[in-house]
Amino acid sequence: MVRKSFLLLLSLLIFFTRLSHADDSKEWRLYSRFGYGPAQIEKHLIPNVKSEATNRLRDALIASGQEAFIPESINIVKTSLPDAFERWREQRKLQQSLQSTPTKEFTKEMSRAAMALRLFQCSHDQVENPLLAKMTEFWFNHLNVYTYKGSVQPFIGDYIINVIRPNVLGNFEDLLIASFKHPAMLYYLDQWLNAYVENPTQTNRFNVQVKGINENYAREVLELHTMGVNSGYTQGDVQSLARILTGWTISAKNESGSQFVNRLHDKSDQTLLGRTFSNQGEEEAISALKFLANQPQTARRISLRLAQWFVSDHPSKQLVDAMANTYMQTHGNIYQVMTTMIESDDAWDESNQLIKTPFDYVCSVLTAAGGAKDLKDYTNALNFLSNSGQPMNAWQTPDGYSTMADQWMSAEALSRRADFAFSIGSRVEEPEKVLNWISKNSRTIIANEKPNLQASFAFSSPDFMRK
Amino acid sequence: MNTKRRDLLKWASLIASCSSAYAASVDSSLSIDSGRLIIVLLRGAYDGLSAFFPYSDPNYKIFRPTISIGTQPEADQSVFYKLDDDFALHPSLSALIPFWEEKRFAFIPTTGLSKPYRSHFEAQHYLETGQDGNNSMSNGWLNNLASINKGSGLIGVGEANPEILRGLIPPKLVPRGNAALQTGVLGNLHHRAVLENLYAKDSALNDLFINGENSRLNTAMMLNQAQMSSSQESMQANKDASAPSALLQDSRHLVALMQQNANLKLGFLSAGGWDTHAGQGNERGALSNNFLNLSKALSYLQDNINKPNDVIVVLSEFGRTVHENASRGTDHGFGNAMMVMGSQVNGGKRLGRWEGLALERLNESRDLPVFHDYRMVLSQIFERVFNFNAQQIAKVFPGSQISIAAGAQDLHIFKG
Chain V
1 MVRKSFLLLL SLLIFFTRLS HADDSKEWRL YSRFGYGPAQ IEKHLIPNVK
51 SEATNRLRDA LIASGQEAFI PESINIVKTS LPDAFERWRE QRKLQQSLQS
101 TPTKEFTKEM SRAAMALRLF QCSHDQVENP LLAKMTEFWF NHLNVYTYKG
151 SVQPFIGDYI INVIRPNVLG NFEDLLIASF KHPAMLYYLD QWLNAYVENP
201 TQTNRFNVQV KGINENYARE VLELHTMGVN SGYTQGDVQS LARILTGWTI
251 SAKNESGSQF VNRLHDKSDQ TLLGRTFSNQ GEEEAISALK FLANQPQTAR
301 RISLRLAQWF VSDHPSKQLV DAMANTYMQT HGNIYQVMTT MIESDDAWDE
351 SNQLIKTPFD YVCSVLTAAG GAKDLKDYTN ALNFLSNSGQ PMNAWQTPDG
401 YSTMADQWMS AEALSRRADF AFSIGSRVEE PEKVLNWISK NSRTIIANEK
451 PNLQASFAFS SPDFMRK
Chain X
1 MNTKRRDLLK WASLIASCSS AYAASVDSSL SIDSGRLIIV LLRGAYDGLS
51 AFFPYSDPNY KIFRPTISIG TQPEADQSVF YKLDDDFALH PSLSALIPFW
101 EEKRFAFIPT TGLSKPYRSH FEAQHYLETG QDGNNSMSNG WLNNLASINK
151 GSGLIGVGEA NPEILRGLIP PKLVPRGNAA LQTGVLGNLH HRAVLENLYA
201 KDSALNDLFI NGENSRLNTA MMLNQAQMSS SQESMQANKD ASAPSALLQD
251 SRHLVALMQQ NANLKLGFLS AGGWDTHAGQ GNERGALSNN FLNLSKALSY
301 LQDNINKPND VIVVLSEFGR TVHENASRGT DHGFGNAMMV MGSQVNGGKR
351 LGRWEGLALE RLNESRDLPV FHDYRMVLSQ IFERVFNFNA QQIAKVFPGS
401 QISIAAGAQD LHIFKG
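Residue numbers (the working numbering), protein chains in the order written: chain V, 1 to 467; chain X, 1 to 416.
These aren't lab readings, by the way, just hints derived from the structure by calculation.
Certain hints may be false.
[To be verified] With a straight-line Cα cutoff of 27 Å, these simulated DSS-like cross-link-like pairs (lysine-lysine) come out: (1) V/440 x X/201; (2) X/82 x X/103; (3) V/43 x X/201; (4) V/108 x V/376; (5) X/395 x X/82; (6) X/201 x V/433; (7) V/450 x V/373; (8) V/78 x V/376; (9) X/201 x V/450; (10) V/78 x V/149; (11) V/149 x V/253; (12) X/415 x X/349; (13) X/82 x X/61; (14) X/115 x V/149; (15) V/108 x V/149.
Here the structure is a predicted model, which means the values were calculated and not measured.
Chain X extracted, bound-state conformation (with noise of 0.2 Å):
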């Protein structure tokens, strides 16, 4: 593994002084062991400075004087799970706990985009194309991950049609919440047969119909079947539908369906809610409920994605300002931390580079800095999950080559 990795960073560095080196293409047949990997995208910049909170450091208190985890007079500091002798993990997210013990899970606490933009749409603009700086239209960078991994699916659950599954392999796009469930119009046979008919001479719209009718019907069957077997437990959770909670039934909805089809293996999700600018709270409040949302849903698809190489990947398209704001809040800031889950993970620890809260390390005196581009931890996830090389992760990622070369330090996310 690490002879392949260092092949893949001199082939990095390779293409950063001659961005022609990989115009010949490689394609790849579909592995046998080729895992499976979901991105779990918080939109709206979620704040890792409290998912992972930095006990530890002295500044972290006097940045933050009432939205800082376990530093008011009543704190319990017992109940505080310290991951490492820096960061304490927020006790709405204990539910991952046995995952952190079991060194299935990591983060990475200063990846983010090549510099600060700030605003959220711009920022996941840039996320979603693997392209910083580029407005133009682009596909997606899981799109364009799937067709280079010849054969394996797509599939979306929760929005309409996400900028990162837009491109040339067609996703399978399943609508959030409970409309997946149903077949309505199509529901009924005689109306369906009615609409097949119309349809059936309109050369540009039948197969789009006919596809659309097959994914739809399949998917509610599929669903259905699962949600009858299922507990209590998710018609509780499919009662309240706004996000991030809506989160764990479209975890369920996505899991189902992976698992019925094995050529699914690009998994998308999103949750929003995480633009915490006022009164974000600290053990109790708005954020904390939206992580006690996200450690289900993260906990439901640790349990059931679990194959050596499947992985699961959470991220933002930024980070939130180190210092609280005169809101009780915190604004757009700029590295994040990044969440790695799978059994193959090289969990338990925190991974990367971590400077601390000191004035002078941060980015413009407000931010986390970003010392791991996030395409480069991608690179190595693709590399290990779908035994991806430097020219297939240049596709995956293109007119990207030297930030993915400038970032590019080994940041062992995997065991062995």
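If we strip away everything but chain V, and leave its shape as in the complex, we get (with noise of 0.2 Å):
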């Protein structure tokens, strides 16, 4: 009780005396953390933040479960997995009768529309749950898929819709075995291709050896997915997995784009981490996928990766323990565990602090300036994403981007920053909803600007750099 009104005390006092620091307060904490920053409203005080943010992670579990609402431009994103398989092979054919100017409209625009579906979901608080499109930014770089990889291309905007954002505050298992099972992963990292075959000496007519075991997704899912680099596993363990994982591939014709073989399965028995997986037909891998799911060191690796994201970029290892006590104990809750940490101490002691990363920051600057709207906006938004190192749906590689401060903040970084405050700020007609949001140092030296310069300042501003 003591602790709780020297803390109440300590926070009133800190809220009054930021006169030259930063704008660090809780309620901008809560909005850019806990989203992507305030939209065009009043600053207000938030006396509980704590359970003002558990508030708002019953709403995005909420939102989870209902369909995402797509604007009508995008709809493409909606097309179902086998008419998605039909018209990209409909494409090829096209493309091969007509060698000289190969047409790829239908790829590219799945991939344009499921680029434009984050933007605009990161920037429309009102239509989406921002901690919901926070959730879902963070579980797709964890499971991360490459857009500028053909195949995925016509199957990532699906891979958004229903395999993360249904699953981000669920059981991490679930989530786990849905981008298992999906077109885009199964694409992105060859498991598609992954397969026991018969006779490993047949060879094809170049004398090629015929594919079998492709232990691409086996060892990422170890290493990135679930319990992460030098945590115990060894590479036998890659190669049982993967013998685990094969007849698993995609299809054309079923509506979840997946489907097992039997006949491209190693009925052999394996052994993962100790434990002997004998046959089990299409279970086999999904026994395998929730076994590695509940691993010690996944619970760790996440609780440590979802600490990065909403605290610090180094969390204290108390904060981090606590996280992963609880996903063991909740077989792996992912809501369970963002309460941990929303109730801790350390998310809100301002020690901890958080620079935005370009997404976080373009993001950001959109939602004060009333979301994403038109053509000029997602084109002059992506290409900034681009050039600042972070492009949308394209980082290539299956380790996701490192939110830490000292990835993104290159030398140029601020500056550059600043074009993109100045290509957006002028259109925001009460720039005082967001100079109120900002450190009073930044507004008095904002305040002497003509107005339609103000908002394009306060985005340039320290302030708005951080989270």
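Work from the hints to combine the two standalone chains into their complex.
Structure below.
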């Protein structure tokens, strides 16, 4: 009790004394970390940010169970998987018949629509729950796919809408399995090629061995999606896992986009982390992924990444331990892990600073400027992201991007961000609704400027670089 | 030189057997004749077997029925420039012939990582950190090089924050294409003053803002000056900013900035678009267009960065399959050709081992083998360009001593 009153006093003190500092009020932090910053609203004092954050988390969970609003102009992302396979096939056929001018219209359109979708969702907090958008970013990045791998393109929108978004606050194993079975991931990490071949000495017409086991997905699942590098698994575990997963591949016909082909499944016993997996047909892969999703190393790795995303580049061991503990007790329930984090004091400690990534930055500027509206906004934002090294849906490697400040704070980053700010700030009609969220020092400087420049300067200020 | 290289090899093998031998740190002061090194990374694995095609190998045409160079019935053999008894140069690279004839351009057909990784991202990560098989965050080796060769600055043109440049020394990073010429908000004196004012009291971000502001204004000023005196040709290159045609413009920017600041001794450029799984083409086609753009950029670099110890290196994360695939392209392979250019380079010849395309000579019956670890090739270049000893080289590629020593053949990359 005494501690609570002390903290309240301290926070009030900090609130009233941040004169020369960049604004790091808890309200700013709440909006900017559990979403992409405040839209054009008056700044209001939130007496209990922990319970407000918990409310936001609950709202995000509810929203994740509801269908996403998708603007008419990018309705194409809702194309069913069998239709996407069919239209992709038609496109390839056309390409072959028109050798000189290859057309890639469908796949390109799908790829662009998926980019637009994410920009839309991160900048319209009235339509898409902002914490849901933030969690979608987190898990998309954790289970990254790369849109410029051609075969991923037709499926990336569906991956966001039907794999990531509904599962962001559920049990991790469900998310992992959904991602495993999706064509975007099956193509990205080559699991669709991972097959048991009866006679491995079989060769094709060029005398090349026909393909068999492909370890790509198995390796990345262990190294990146679940346990993490150097966490105790061996190359033997990678090989066993690859064999356990054989048989799962794409399907152009099924609603799910995937299928299990028993003929391609390795039916021999496999040992993964000391446990024997006997042939269980299609269930074998599923039980192995569940097994990995619930390893303590996985709990730690995911807790660490969440804490880095929401709290600090270097979160305390205490916080990560507490989150990992919840993870293990709740069978990897992300909602509960997030609750542990929100209720910790670390999450609100002023010394735990975070700098926005380019993605955070773009989404927060757009949010404050009324959301991504027209083609110019989209083009502008996507170009900015590419030039900043964080292209939308296009992180090539399966590790996903880092959110650490030193990754993004290269020398020219701040002035390039100011360019983006000035490209959009002048349309803000009530700049005071942006200004009232930033520090008094910045407000005082900006107040002397012309009203149509004020929002641009606020977006360029050091306050706006933090979250 | 030879005595010294033998010393190096001796050192390298010594280190392999006793990795603590190099614990004592040796700092070098920047010697006056220390050269410049430019790394051109072709992301996506370029097809070295098309750049330098083994025209006399009977398997070449068999394995690549539609995409081999100079083998189609309509091909005019006389236009292919034969480099030696084994190799000829892709016609789209013919801008490089003068350098070959002046003996300052060489290639090493069978270089690469220590094993085939097949995955672009993994292989690029290893290539850029210089540490095969290590997935943890590490510094880029070009940055390590800068911290060992004290006082030599790093510049990268094109990519926002490439892994190869990450580390202790802050690199100068210049954006791809026209963005490098633009001062943006900073071009307005009043706006600039307000921004400076906004950052002035932010102890964490002010230095970064000021450094970035200075770097950006300086880059734009230098490049705009260079641009004004440049020809129509560069204007044409500017129009098409898609990689790898943007490489020429980035090369111009790199050269202008390195010439302006003599401390910038380490340069990095990159181009994508090399992952030719389908419709690769032969004398013409997608890959051929890429080669044309690459040759323009390399010619420009070689014409402008050519002091005695300057070296330009071109490499990819791995090579492509020797066999053509069903989509008239090639897939992820293993060994690949590195190119080396410079006035002291032992040019006009192919360097290193070559055993032809017989199936039993290939890696897994499908790829060119790697006879020369790319780090061994680079080490021999560092020795010449920066006068490095074995201890210094070991620090550029920490943890990789064994592979360097194992592949330690003297490739005679330099004259004399």
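Given hint residue 433 of chain V paired with residue 201 of chain X - CA-CA distance at most 27 Å: holds (23 Å)
Proposed proximity, residue 82 of chain X with residue 395 of chain X (alpha carbon, max 27 Å): violated (39 Å)
Residue 201 of chain X paired with residue 450 of chain V [C-alpha distance capped at 27 Å]: holds (22 Å)
Holds or violated: residue 78 of chain V to residue 376 of chain V, with C-alpha atoms at most 27 Å apart: Judged against 27 Å, a Cα distance of about 23 Å means the pair holds.
Hinted pair residue 108 of chain V and residue 376 of chain V, Cα distance within 27 Å: Holds. Residue 108 of chain V to residue 376 of chain V sits at ~18 Å (cutoff 27 Å).
Distance restraint between residue 82 of chain X and residue 103 of chain X, which requires alpha-carbon spacing of 27 Å or less: holds (14 Å)
Straight-line alpha-carbon gap residue 78 of chain V to residue 149 of chain V, limit 27 Å: OK: residue 78 of chain V and residue 149 of chain V at ~20 Å, within 27 Å.
Satisfaction of hint between residue 149 of chain V and residue 108 of chain V, Cα-Cα up to 27 Å: holds (11 Å)
Residue 149 of chain V paired with residue 253 of chain V [C-alpha distance capped at 27 Å]: holds (22 Å)
Restraint status (C-alpha distance of residue 43 of chain V to residue 201 of chain X at most 27 Å): holds (23 Å)
Restraint check for residue 82 of chain X with residue 61 of chain X, where alpha carbons must lie at most 27 Å apart: Holds, at roughly 16 Å.
Restraint status (C-alpha distance of residue 440 of chain V to residue 201 of chain X at most 27 Å): holds (12 Å)
Going through the hint list in order, the structure does not satisfy hint 5, though it satisfies all others.
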